[in-house]
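There are 2 protein chains.
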Amino acid sequence: MSDAIVIVGYGNVGHHLLMAFSKNTDHKIFVVCKKKIDTELISNPSVYWIDESELPEKPPLYCFLTVRDDQIKKTAESLPKNWLKESTIVHCSGVLAADYLKQICTHFALFYPLNSFSKEIPFVWDDVPVFIDSSDKSDKEELRVLAEKLGAKPIENNDSIREQLHVAAVMVNNFTNHWFRLAAEYLEEKEIPFKYLLPLIRTTISKLDYESPEKAQTGPAIRGDINTIDKHLKMITKMEVLELYKKMSASINPSIKDKLE
Amino acid sequence: MSDAIVIVGYGNVGHHLLMAFSKNTDHKIFVVCKKKIDTELISNPSVYWIDESELPEKPPLYCFLTVRDDQIKKTAESLPKNWLKESTIVHCSGVLAADYLKQICTHFALFYPLNSFSKEIPFVWDDVPVFIDSSDKSDKEELRVLAEKLGAKPIENNDSIREQLHVAAVMVNNFTNHWFRLAAEYLEEKEIPFKYLLPLIRTTISKLDYESPEKAQTGPAIRGDINTIDKHLKMITKMEVLELYKKMSASINPSIKDKLE
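So the sequences go chain by chain: V and A.
To get this note's numbering, take the position in the first sequence, counting from 1, and add 1457.
To get this note's numbering, take the position in the second sequence, counting from 1, and add 1457.
Hints listed in this document are in silico derivations from the structure and should not be mistaken for laboratory results.
Be aware that a few hints might be false.
No distinction is drawn between identical chains; accordingly, a pair holds when it is met within one copy or between any pair of copies.
As the list claims (entries may be wrong) - Calculated cross-link-like contacts (lysine to any residue; reagent style SDA-like; alpha-carbon spacing at most 20 Å): (1) Lys-1480 / Glu-1534; (2) Lys-1703 / Lys-1714; (3) Lys-1647 / Ser-1669; (4) Lys-1530 / Ala-1707; (5) Lys-1530 / Thr-1685; (6) Lys-1704 / Glu-1718; (7) Lys-1559 / Asp-1583; (8) Lys-1703 / Asp-1682; (9) Lys-1647 / Asn-1615; (10) Lys-1531 / Val-1581; (11) Lys-1652 / Ser-1663; (12) Lys-1695 / Glu-1620; (13) Lys-1652 / Gly-1608; (14) Lys-1485 / Asp-1527; (15) Lys-1688 / Ala-1554; (16) Lys-1672 / Glu-1509; (17) Lys-1491 / Ser-1535; (18) Lys-1542 / Ile-1693; (19) Lys-1704 / Leu-1690; (20) Lys-1672 / Pro-1579.
So that you can see chain V by itself, here it is in the shape it has in the complex:
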């Protein structure tokens, strides 16, 4: 077995794992992807861009599968037999069980960074929780050290906690981002720049470092300021946004619910 790390797939997670491993570790890294893209991106001489026909013969220490969830099993099955026996095969899914690959390989592991990755956007690993599990105790410890090298926060995995966090992640990431989108669309119609709101959005987030979201809540709904809410409801023309505005306001302050319907 070699000391190399293989990353299969070069999507958003694959890209940022490569960036982080190549910067913070001494491992030789093989990136397996169909199109040899971004070769310019990494000048690190220990990074090798290969396709499926060029896999190294020696099983690597770790093989990270960063393909889509529904491709993980198939991709694992297609790996060389000696890898499936000797290497630790790691999946990075927030949804699949930690032992999802137990039927396919001898050493399986989970390395799930709870965050949202985009190739185009620099990623800050500081304090990012990384859920770790493995069939081998020593692997678990080594993956923990690997996460720490990136500046991340390794966490002993518990599938149920990971699932619950995924629900909450949809709320704080997808749904808040959707409000950003609805606000941007609302302003766009009036040719008002969305960027005027960026300092306010930053304040909204930075408050969480000081107090609970419950305590941080401000605005017409929590104040029970029906006059302002009525004014806003008259200004919003899109039915769907109108309905969401009412539902959110009623959820913020149930005592005004009757006045919103």
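Got chain V sorted already, so can you dock chain A onto it with the hints?
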């Protein structure tokens, strides 16, 4: 007339105006509040804490009214007559018209920083849009310079734009913060720390520096991943949150709407 600035009211906005003016300008500053609080906070010798009976005789350059919106008129009316003639009386409301005080004083102005203030939380003025208007052209220019001294971004006021931005501000501040609260409550029941989500929340925001919220959207709804959504809906027990989860998901991706009802 003196070169002083008077701040009437010492709530969240009053506090942060005081902090910013005392740090970034040479004006003598009088803070008018009933209880002389936070005197320790400011060691600056040009800051004077007074009550309503101690107003300086000479009209100040500016008198900022940072009381609640519904107290602004009453507070302005109670000011000394020579102030109402000579000083510029400034309100800081996001909702009231720029000329709201025109019946009461000779020189009136608006200085509205679009953001969310909390006394307990340090405030970052960088790039904060401050809507400025005044009955006097020279005041308008001076208030613009004042905003710039704080690091803020002065903007020529337009009441309609300010009102529209207030609607959008409710969306990006109040409604996103409410999702933080719902997520925190969901996790609290399971004794999972909300702080695990903070790096993800930071990423959600920092993406806005690189791409539009429309482009930044990720997650099961936009992917049309009904399996994951169904799983989540089974995990959420609170009816109200369940309904909001469905409504938001349908709004993110209208093509899955029928499958959510």
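Do the hints match the structure? See the list:
For the homomeric pair Lys-1480 and Glu-1534, neither the shortest alpha-carbon distance inside one copy (30 Å) nor that between copies (64 Å) is at most 20 Å. Proximity of Lys-1703 to Lys-1714 under the C-alpha cut-off of 20 Å is found in both arrangements, the shortest distances being 8 Å within a copy and 19 Å between copies. Taking CA atoms no more than 20 Å apart as the test, Lys-1647 paired with Ser-1669 passes between copies only; the shortest distance there is 17 Å, against 34 Å inside one copy. Proximity of Lys-1530 and Ala-1707 under a CA criterion of 20 Å is satisfied in neither setting, with 44 Å inside one chain copy and 30 Å between copies.
With identical chains, the CA atoms of Lys-1530 and Thr-1685 are at most 20 Å apart between copies only, with a shortest distance of 18 Å across copies and 53 Å within one. For the homomeric pair Lys-1704 and Glu-1718, the shortest alpha-carbon distances inside one copy (9 Å) and between copies (16 Å) are both at most 20 Å. Taking the shortest Cα distances, Lys-1559 and Asp-1583 never come within 20 Å of each other, neither inside one copy (31 Å) nor across copies (52 Å). When the C-alpha separation of Lys-1703 and Asp-1682 is checked against a cutoff of 20 Å, the pair qualifies only within one copy, where the shortest distance is 13 Å, while the shortest distance between copies is 27 Å.
With identical chains, the CA atoms of Lys-1647 and Asn-1615 are at most 20 Å apart between copies only, with a shortest distance of 12 Å across copies and 48 Å within one. In this assembly of identical chains, Lys-1531 and Val-1581 lie within 20 Å of each other by CA distance neither inside one copy nor across copies; the values are 31 Å within and 50 Å between. Taking CA atoms no more than 20 Å apart as the test, Lys-1652 paired with Ser-1663 passes in both settings, with 17 Å inside one copy and 13 Å between copies. With identical chains, the CA atoms of Lys-1695 and Glu-1620 are at most 20 Å apart between copies only, with a shortest distance of 17 Å across copies and 34 Å within one.
For a Cα distance limit of 20 Å, the shortest separation of Lys-1652 from Gly-1608 across copies, 16 Å, qualifies, whereas the shortest one inside one copy, 31 Å, does not. In this assembly of identical chains, the alpha carbons of Lys-1485 and Asp-1527 never lie at most 20 Å apart, being 28 Å within a copy and 66 Å across copies at closest. When the C-alpha separation of Lys-1688 and Ala-1554 is checked against a cutoff of 20 Å, the pair qualifies only between copies, where the shortest distance is 14 Å, while the shortest distance within a copy is 49 Å. In this assembly of identical chains, the alpha carbons of Lys-1672 and Glu-1509 never lie at most 20 Å apart, being 53 Å within a copy and 31 Å across copies at closest.
In the homo-oligomer, the alpha carbons of Lys-1491 and Ser-1535 lie at most 20 Å apart inside one protomer (15 Å), although the nearest pairing across protomers, at 75 Å, exceeds that limit. Taking the shortest Cα distances, Lys-1542 and Ile-1693 never come within 20 Å of each other, neither inside one copy (60 Å) nor across copies (40 Å). Within a single copy, Lys-1704 and Leu-1690 get their C-alpha atoms as close as 12 Å, and across copies as close as 18 Å, so both meet the 20 Å cut-off. Taking the shortest Cα distances, Lys-1672 and Pro-1579 sit within 20 Å of each other only across copies (16 Å), while inside one copy they are farther apart (31 Å).
Comparing the model with each earlier hint shows violations of hints 1, 4, 7, 10, 14, 16 and 18; every other hint is respected.
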